[in-house]
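Colleague: Those sequence lines, one after another, are chains S and F. Just so you know, we're using the working numbering here: the first sequence kicks off at 1 and counts up by one. Just so you know, we're using the working numbering here: the second sequence kicks off at 1 and counts up by one.
Please keep in mind that the hints were generated in silico from the structure rather than gathered at the bench. Being a predicted model, the structure only gives us computed values, none of them experimental. Backbone N, C-alpha and C fix where the C-beta goes; we use that ideal spot for every residue, glycine too. Please note: incorrect hints may appear among the correct ones.
To be verified - No more than 20 Å apart at the CA atoms, straight line, and that leaves these computed lysine to any residue pairs for SDA-like:
1. 122/S x 224/F
2. 224/F x 172/S
3. 92/F x 228/S
4. 92/F x 172/S
5. 145/S x 86/S
6. 92/F x 233/S
7. 145/S x 83/S
8. 240/S x 239/F
9. 102/F x 317/S
10. 92/F x 246/S
11. 91/F x 276/S
12. 236/S x 102/F
13. 92/F x 122/S
To be verified - Derived Cβ-Cβ restraints for the label pairs, each shown as a range:
14. 298/S x 102/F: 47 to 53 Å
15. 116/F x 167/S: 38 to 44 Å
16. 92/S x 102/F: 55 to 61 Å
17. 168/S x 25/F: 53 to 59 Å
18. 71/F x 149/S: 31 to 37 Å
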Amino acid sequence: MAMQFLDFEQPIAELEAKIDELKHLGADADINIEEEVSRLEAKSRALTRSIFKSLTPWRVAQIARHPQRPYTLDYIPQLFTEFQELHGDRMYADDSAIVGGIARLDGKPVMVIGQQKGRDTKERVRRNYGMPKPEGYRKALRLMKLAERFQLPLITLIDTPGAYPGVGSEERNQSEAIARNLFEMSSLGVPVISCVIGEGGSGGALAIGVCDRLLMLQYSIYSVISPEGCASILWKSADKRELAAEAMWITADRLRRLRLVDEVIREPLGGAHRDPQATVEMLKAALVQNLSEVDALPVGELLERRHARLRAFGVYGQA
Amino acid sequence: MTWFEKIIPSRIKTERRTRSVPEGLWMKCPTCDSVLYRPEVERNLQVCPKCSHHMRVGARDRLLSFLDPEDVEELGAAVMPEDPLKFRDSKKYRDRLNAAQKATGEGDALIVMAGKLKGEGIVAAAFEFSFLGGSMGSVVGERFVRGVDHCLRHRLPFVCFSASGGARMQEGLLSLLQMAKTSAALAALARERLPFISVLTDPTTGGVSASLAMLGDVNIAEPKALIGFAGPRVIQQTVRETLPEGFQRSEFLLEHGAIDMIVDRRDLRDRIASLLAILMRRSPAAADRPAE
Chain S
1 MAMQFLDFEQ
11 PIAELEAKID
21 ELKHLGADAD
31 INIEEEVSRL
41 EAKSRALTRS
51 IFKSLTPWRV
61 AQIARHPQRP
71 YTLDYIPQLF
81 TEFQELHGDR
91 MYADDSAIVG
101 GIARLDGKPV
111 MVIGQQKGRD
121 TKERVRRNYG
131 MPKPEGYRKA
141 LRLMKLAERF
151 QLPLITLIDT
161 PGAYPGVGSE
171 ERNQSEAIAR
181 NLFEMSSLGV
191 PVISCVIGEG
201 GSGGALAIGV
211 CDRLLMLQYS
221 IYSVISPEGC
231 ASILWKSADK
241 RELAAEAMWI
251 TADRLRRLRL
261 VDEVIREPLG
271 GAHRDPQATV
281 EMLKAALVQN
291 LSEVDALPVG
301 ELLERRHARL
311 RAFGVYGQA
Chain F
1 MTWFEKIIPS
11 RIKTERRTRS
21 VPEGLWMKCP
31 TCDSVLYRPE
41 VERNLQVCPK
51 CSHHMRVGAR
61 DRLLSFLDPE
71 DVEELGAAVM
81 PEDPLKFRDS
91 KKYRDRLNAA
101 QKATGEGDAL
111 IVMAGKLKGE
121 GIVAAAFEFS
131 FLGGSMGSVV
141 GERFVRGVDH
151 CLRHRLPFVC
161 FSASGGARMQ
171 EGLLSLLQMA
181 KTSAALAALA
191 RERLPFISVL
201 TDPTTGGVSA
211 SLAMLGDVNI
221 AEPKALIGFA
231 GPRVIQQTVR
241 ETLPEGFQRS
251 EFLLEHGAID
261 MIVDRRDLRD
271 RIASLLAILM
281 RRSPAAADRP
291 AE
């Protein structure tokens, strides 16, 4: 598939187009252009490096939502072996905006749950653009309880614009579905490692993200409301999304500075979609490492630490 | 609060507060348009005596009218907001905070009090909706958890009156995480078998609805309160069709199984005291208002 470029990547796109053209030419002409191609490729890498060196938060948000960014189901077969998807909340439906199942990470049995966006239009509609409904969160909770019963550490991959706001969601009590997951995850008796791989959209993300270790891919975002939503409320115009993205501290590096994120996983030059295999390797190493650190703890101590971690969230003064 | 303010009955305080507002003695009910005598409405807990429309109540008045007048102690009042992100939109967050503090006389959007309900110990919290839309940031989360901690230490039940637009955007992810922090505290309360009664009042949406407010052992709503995850405007924009009549009102939630009961504000003391007496295995308390 041809690489898609974002607006701010246009200079890179032009250079890449030129390289492609030259390569094409090289195939049927007998002049030697290899030298020129490798010169341009080096230039393209340098240009990418300089553009990516100082990305604004809004540009990071654009990469986090890149249509070619790897999604949960792209990672799962690469990160795990023996994945078997488990479906349904046993009450109402199977929400395909959330996927989950049992698998092995480095040979070790685990439960994995993640939100899933769609790649093409048909799949996007089927997956509701990665926006779970209450039955999705209830399926996730069912799998978490299953994990607890069989002592499988839980790994969650977060990638959602948010929980779905619709009439049916309200009828089936979206609020309660999210709240119940927060309540149960706070005391789930197995290690929980969460990683934001794309968009961490508000309560819909947090509902599978109460954890012992929070990881974020370098160009993922995690926020209380989308930049557009914040801009339309506080600036009265969704066009101010760049300002909102800046003001809310949504990027991995900034959240690390607030000590809300435990580890930022570096992405390949140009973002995860430029080299998914390299991303998988870094993500897998981080998951294995973090899991080994908390998996050794007796469950009492694990929960004590999780409670202390949750208790400490917040910045306030004392009058 | 001085010792003197603590002992005077809430009604007197309410009147003093009202006098500073440059409004007359008469008001109009927004629902039935009846002209009402303001002190009478206040005595009636801001419920229209003609049509029973429930008007919004400030957090402090709410708590002082809910609790017995004796032995009231505010918890976590010294916890005050900061501006960790140096947030600014058209205004600085700092300035918005200052303005809200001035307008409401409160430090932040949640007030927590330990006191008594019909002679039995209790901790009650209430959201102040006129403080930045009752939004939940770090202070709301911390005060809430301190209230729960007090319950755990003294083996008391917890009641929270919610009225909030959701998480506070100006504190970014810190606000979102208060959803997890408050829910975790309620899980600790549940482990100790101490009851949590959630009273959802108009309006309760967003991150507050999707955390502490929906986690009551008993969920109670006041009549016709707007309660939901997403605001009606957001849903309208998403589904692009007109929303059903009464959508996201208390009665809709009761019908869909989200809440246990709808209770008139004037009956809340009696009903909650009775619920707690049964859950805490105590003998029944005398009713304030005889059953009609």
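Colleague: Run every hint past the structure and note whether it holds.
Modeller: The hints, checked one at a time:
no.: 1; hint: 122/S x 224/F; result: violated, 40 Å
no.: 2; hint: 224/F x 172/S; result: holds, 19 Å
no.: 3; hint: 92/F x 228/S; result: holds, 19 Å
no.: 4; hint: 92/F x 172/S; result: violated, 38 Å
no.: 5; hint: 145/S x 86/S; result: holds, 13 Å
no.: 6; hint: 92/F x 233/S; result: holds, 15 Å
no.: 7; hint: 145/S x 83/S; result: holds, 18 Å
no.: 8; hint: 240/S x 239/F; result: violated, 24 Å
no.: 9; hint: 102/F x 317/S; result: holds, 18 Å
no.: 10; hint: 92/F x 246/S; result: holds, 14 Å
no.: 11; hint: 91/F x 276/S; result: violated, 42 Å
no.: 12; hint: 236/S x 102/F; result: violated, 24 Å
no.: 13; hint: 92/F x 122/S; result: violated, 44 Å
no.: 14; hint: 298/S x 102/F: 47 to 53 Å; result: holds, 51 Å
no.: 15; hint: 116/F x 167/S: 38 to 44 Å; result: holds, 43 Å
no.: 16; hint: 92/S x 102/F: 55 to 61 Å; result: violated, 48 Å
no.: 17; hint: 168/S x 25/F: 53 to 59 Å; result: violated, 47 Å
no.: 18; hint: 71/F x 149/S: 31 to 37 Å; result: violated, 45 Å
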